[in-house]
Structure formats: structure tokens, C-alpha cells
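Student: For reference, the chains in residue letters:
Number of protein chains: 2
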Amino acid sequence: MSDDPAIELAGSVRRLIDATIRTLADDATIRAARQQIDVLTEQLTTKALAGPAGIHHDGRISHVAGNVIIGRRNAIAPPLTMHHRDDGDVETDFTLGAAYEGPPGHVHGGVCALILDHVLGAAVHQPGRPAVTGTLTLRYRRPTPLGVALHAEARIRETQGSKIFVDGFIAHGGEVTVEADGIFLFPRR
Amino acid sequence: MSDDPAIELAGSVRRLIDATIRTLADDATIRAARQQIDVLTEQLTTKALAGPAGIHHDGRISHVAGNVIIGRRNAIAPPLTMHHRDDGDVETDFTLGAAYEGPPGHVHGGVCALILDHVLGAAVHQPGRPAVTGTLTLRYRRPTPLGVALHAEARIRETQGSKIFVDGFIAHGGEVTVEADGIFLFPRR
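Keeping their order, the protein sequence lines are chains X and L.
Using the numbering used here, read the first sequence as starting at 1 and increasing by one per residue.
Using the numbering used here, read the second sequence as starting at 1 and increasing by one per residue.
Think of the hints as simulated: they come from the structure by calculation, not from any bench.
Treat each hint with caution, since some may be false.
Label pairs and their calculated CB-CB ranges [as the list claims (entries may be wrong)]: (1) X:Arg157 with L:Gly128: 16 to 22 Å; (2) X:Lys47 with L:Gly161: 30 to 36 Å; (3) X:Asp86 with L:Thr46: 45 to 51 Å; (4) X:Gly161 with L:His84: 39 to 45 Å; (5) X:Val176 with L:Asp27: 40 to 46 Å; (6) X:Lys47 with L:Ser162: 28 to 34 Å.
Only part of the chain X face toward chain L is listed, based on derived beta-carbon distances under 7 Å [to be verified]: (7) Ile7; (8) Thr23; (9) Ile76; (10) His125; (11) Leu136.
Even glycine gets a Cβ: it sits at the ideal position worked out from N, Cα and C.
Work the whole structure out from these sequences, hints included.
Tutor: So this is what it looks like as C-alpha cells:
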């Protein structure tokens with residue numbers, strides 16, 4: 001999918017999201033930018049998928065292109081890249097900017113929950129067989145700062161019948177900021 | 001803050017995010033859009049806050065303008081509007097489009113966690129005294145669909161010393177899709 005030019009477009013839209021929050025440009029500049037963006041949106045949607053990429057994807061567009069965490073066409077997604085280690089654990093390194101803010105200067109606790117839900121799920125997924133979250137518990141140990149290198153990882157602890165017990169965390173500079181454990185399930189086909 | 005033109009700009013950027021996921025325009029159109037967006041981003045950031053709005057906000061920009069859930073300058077935020085009822089409960093009605101996708105056609109479970117963290121926290125917050133999440137537990141009852149009217153609400157169940165016990169849910173068509181309960185705390189000043 002690397003030849004999909006919308007992936008680079010999404011990268012530019014990510015920078016635009018950040019600029020929209022931080023801009024101190026004069027009103028005329030902001031209004032002119034808005035008008036130009038509306039024109040571009042109309043041009044881009046003259047021919048477009050009828051709905052979410054997960055169900056309307058075509059040959060050029062990956063079915064996960066719109067995913068809110070890993071979707072490379074989705075400017076909301078940081079996007080995260082999951083690394084599956086040989087031991088089955090999953091890890092990812094990332095940085096979150098101004099657009100992921102909750103408490104001033106810090107990552108929204110709910111964004112940490114969003115990321116951990118995805119990372120724990122990724123430790124369970126099997127090719128062509130995604131798992132779903134049954135329950136997820138988050139313990140917030142300390143604030144997670146914006147604009148710094150963050151690390152998340154997850155591993156399967158135990159399997160009991162159809163229930164898969166997983167845990168993981170987000171860390172910054174070697175200190176855990178949020179811990180998570182969850183029970184994941186494979187839906188009946 | 002309604003006279004802040006960047007709020008309307010953020011609305012246009014939200015539609016652009018959706019268009020970037022769904023576009024089937026030819027490569028030349030997509031590449032040209034990207035170039036124009038890069039120019040706009042440069043214009044908007046010639047004069048800009050040095051970092052997140054929460055700590056760098058000025059007179060025109062609300063300190064929550066960049067919040068990832070309610071921030072009206074933040075194109076990642078749906079944005080949600082919290083309604084504080086007379087009985088102290090908090091509720092919000094919203095619809096999530098293609099950009100919030102996890103399982104095909106459905107809201108990412110982690111986005112439900114993000115929203116519930118915020119809604120439960122809103123039930124605890126006091127003016128000028130935000131609460132922080134201690135622990136949060138989510139129970140996923142059924143998939144949450146994209147593109148339909150959703151409702152979330154939360155209430156305080158009990159207070160024990162510095163711990164505030166809160167619960168809430170997301171529902172669609174009267175059926176609960178995700179339940180949450182959490183323990184919130186007021187940080188020492």
C-alpha cells in the first residue's frame with residue numbers, strides 16, 4: 001500500500017491538525033485557509049468510498065487504512081506501528097503532540113486507554129482472526145507527557161478456554177505511566 | 001471563544017480527515033491537495049503557540065481548545081459537548097464517522113474507552129479543580145456502530161475519602177454497548 005498517495009496526504013493533514021490548534025495567524029488568513037480546505041475536501045470526495053475503509057476498501061486501499069490507531073490514511077492515528085517480537089510480545093514506540101492533550105501538557109488518559117486497548121489486542125490477534133476486547137482495566141500511575149518518546153508493550157499471560165488474559169503498559173524514560181490488563185475473546189465466526 | 005475562526009477551521013479539517021480516508025481521486029489530485037495543505041500549514045504556523053494549547057493558550061484561545069475530546073480547535077475531537085444535568089449526572093450525544101474505526105464498520109473499542117474516561121471524569125470535575133483517573137474498567141457488551149446516534153452518560157456512585165467512584169456507559173438505540181466504572185482522584189495542589 002506504500003504507493004497510495006493518500007498515505008502522504010494523511011501525514012500532511014496530521015501537521016494541519018496540529019497547526020489548527022496552535023495557530024495565531026490573523027482571522028483573514030485562517031478564514032482563507034478554511035475556504036481552500038473546503039475546496040480540497042470537495043475535490044477529494046468527488047470520487048470516494050461510500051463509508052468507512054474497513055467495509056468499503058477497494059484494491060488500492062488497505063482494509064485497515066482508516067483504523068484510528070494504525071490507519072495510514074487516518075490523520076487521527078499517530079499512526080502506531082506494532083512490532084511483533086519473536087517471543088510473541090508486541091511493542092511500539094511513538095510520540096504524541098498537541099492534538100492528544102488532556103491535562104495541560106499531558107496525554108489525555110483516554111488516549112492512553114485507546115492505545116493500550118489496541119496494543120493489548122495486537123498481542124492476541126492472529127492473521128485473519130482479530131480478537132475483540134471483553135474487559136479492559138487501566139491503572140494510571142503518573143501523568144504521560146506530550147512531545148516525548150513513549151513506549152508501549154503487551155503480552156499474553158494466560159489462556160482459559162476462549163478467554164485470553166493480556167497485560168501491558170505505556171512508559172516514558174523507563175517509568176511506567178499507565179498499566180493495563182484485559183480479557184480478549186475471539187468472536188464466533 | 002465562538003469568535004475564534006480556528007474553531008470553524010477545525011470543522012473543515014474534520015471533513016478533510018474523513019475525505020483523506022475515503023478518497024478515490026486520481027494520484028495527481030491527491031498529490032496537488034497535499035502540496036496545498038503543506039502551504040496552508042506553513043501559513044498557519046508562521047505565528048503560533050509554542051506547544052499544546054493547555055499550557056501555551058493566550059487570551060483568544062481557551063485552555064481546553066486543544067483537548068482531544070472536547071477541544072473545538074482540535075480536529076481529532078468529535079468534539080463532544082458535555083451536558084451537566086441538575087442531578088449532577090453528565091450526558092452527551094454524538095455520532096462517530098469513518099475516522100474512528102476499529103473493527104470494520106464499528107467504533108474502535110479504544111475510542112469508546114477514550115470517550116468514557118472523559119465522560120466519567122466530567123461527572124467528577126469541579127470548576128477550576130479537574131479530577132484525574134486512578135483506575136478505569138471497561139466491559140464491552142456489543143459492538144458500537146459508526147455513523148449512528150450514540151449516547152454516553154456518567155454519575156458519581158460514592159465518595160470514600162479522596163476516592164470518587166463513578167460509572168457510566170455508551171448506548172446506541174437504547175442498548176448499552178460499553179459499560180465503565182472508575183475511581184477518580186483530586187490531585188494534591
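Student: Taking the earlier hints as the rules, which of them does this structure contradict?
Tutor: Of the numbered hints given earlier, those the structure breaks are 1, 2, 6, 7, 10, listed in rising order.
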